[in-house]
Amino acid sequence: MSSMEELLAGWNEKFRPHADGAQLPPHHPHCLACGPDNPHGHHLTVHRRGEEVHATHVFDERHVGAPGIAHGGAVATVFDDLFGFLLYLTGGPAVTRKLEVLYDSPVILGTTYDLAARVTRTEGRKLFMEADMKQLGGSRVASASALFLSVDVTHFNQGMPR
74 MSSMEELLAG WNEKFRPHAD GAQLPPHHPH CLACGPDNPH GHHLTVHRRG
124 EEVHATHVFD ERHVGAPGIA HGGAVATVFD DLFGFLLYLT GGPAVTRKLE
174 VLYDSPVILG TTYDLAARVT RTEGRKLFME ADMKQLGGSR VASASALFLS
224 VDVTHFNQGM PR
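Everything in the sequence shown is counted per my numbering, starting at 74 for the first residue and increasing by one.
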């Protein structure tokens, strides 16, 4: 079995019930947002809370856009990955079809933010999701909505080297 096949088999095993409060496993070791082995990543750690997923995150100099402010793409990356953790609750893989991020105020480097995401409804293969990012103990700085489409794990064979 190739390393990519092993990765996909292991990843597919993560779509199982996770207890409330559990820390959810990273998508894979090199994932840009949650992979512990990605030196350029966000190293996002996510927990299940009921039917939501939650994380805290501090953007650092690797994520800079304007001086002292996180790049909007870095913020979008964290939201997109947070939505990906909801798939561990829905029971199967899916892919991002649409992602919309609303920035209420600058996301400041070195500041701790609370993030929460939830599935708001499903329609067949479609999963509609929403998330918020708030300054720790403070007001919302950004929110996001997404549409994910459920797929079979074999969808990801397209990324395998030929």
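Read the hints as simulated data drawn from the structure, not as lab findings. Ideal Cβ placement from N, Cα and C applies to all residues, glycine included. Worth double-checking, as some hints may not be accurate.
List time: in silico DSS-like cross-link candidates among lysine-lysine, alpha-carbon distance up to 25 angstroms [said to hold, decoys possible]:
1. Lys199 with Lys171
2. Lys87 with Lys199
3. Lys171 with Lys87
4. Lys171 with Lys207
Here are the computed distance ranges between Cβ atoms for each label pair [as the list claims (entries may be wrong)]:
5. Asp225 with Leu172: 15 to 23 angstroms
6. Glu134 with Val224: 34 to 42 angstroms
7. His103 with Asp177: 18 to 26 angstroms
8. Pro140 with His101: 26 to 34 angstroms
9. Arg213 with His116: 19 to 27 angstroms
Here is how each hint holds up against the structure:
1. A threshold of 25 angstroms between alpha carbons decides the hint, and for Lys199 with Lys171 the separation of about 11 angstroms falls inside it, so the pair holds.
2. For the proposed pair Lys87 and Lys199, the alpha carbon gap of about 20 angstroms is at most 25 angstroms, so the pair holds.
3. Taking the CA atoms of Lys171 and Lys87, the gap is near 23 angstroms; set against the 25 angstroms cutoff, the hint holds.
4. For the proposed pair Lys171 and Lys207, the alpha carbon gap of about 22 angstroms is at most 25 angstroms, so the pair holds.
5. Judged by the Cβ atoms, the range 15 to 23 angstroms given for Asp225 and Leu172 holds: they are separated by roughly 22 angstroms.
6. As the Cβ distance of Glu134 to Val224 is approximately 35 angstroms, the hint placing it in 34 to 42 angstroms holds.
7. Taking the beta carbon of each, His103 and Asp177 are about 31 angstroms apart, not inside 18 to 26 angstroms as hinted.
8. Our hint of 26 to 34 angstroms for Pro140 and His101 holds, since their Cβ atoms are close to 33 angstroms apart.
9. Take Arg213 and His116: their Cβ atoms lie about 23 angstroms apart, and the range 19 to 27 angstroms holds.
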